[in-house]
Amino acid sequence: LDDNTVLNYALVPSTAADGDAPNGILCGRVEHYGEGWIALAAAETADEMVGGEAIIGLPDESSVLKYNLGGFSVDLVTPMAESM
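In the numbering used here, the protein residues as written are 20 to 103.
Simulated from the structure, these hints should not be mistaken for lab results. Even glycine gets a Cβ: it sits at the ideal position worked out from N, Cα and C. Do not take every clue at face value.
What the hints assert, rightly or not - Under the rule of at most 25 Å between Cα atoms (straight-line distance), these lysine to aspartate or glutamate pairs were calculated in the DMTMM-like manner: (1) 85 to 72; (2) 85 to 54; (3) 85 to 66; (4) 85 to 21.
As the list claims (entries may be wrong) - Computed spacing ranges between beta-carbons, pair by pair: (5) 44 to 79: 28 to 36 Å; (6) 93 to 50: 22 to 30 Å; (7) 33 to 90: 30 to 38 Å.
Hey, can you work out the whole structure from these sequences and the hints?
Here it is in structure tokens:
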């Protein structure tokens, strides 16, 4: 991604036992060598992130959580239930 940020990933093909993952699974890890926050997000459409999901790591809070991207303001980015 840049000199201080690395994305490691693997595409794991589905198996007959993976009924919930007919196209396989993307496994990945984003590492940043420095101070800051990291986010990784996915969207249902290519047009916008609203309605998508993000994984956000906040070093000051020592947390990494999944979030719903409900809108463009910070108060509309809400943590997802742990079971999601």
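Here's how the hints hold up against the structure:
1. 85 to 72: holds, 7 Å
2. 85 to 54: holds, 21 Å
3. 85 to 66: holds, 21 Å
4. 85 to 21: holds, 24 Å
5. 44 to 79: 28 to 36 Å: holds, 31 Å
6. 93 to 50: 22 to 30 Å: holds, 25 Å
7. 33 to 90: 30 to 38 Å: holds, 34 Å
Checked against the numbered hints above, the structure violates none of them.
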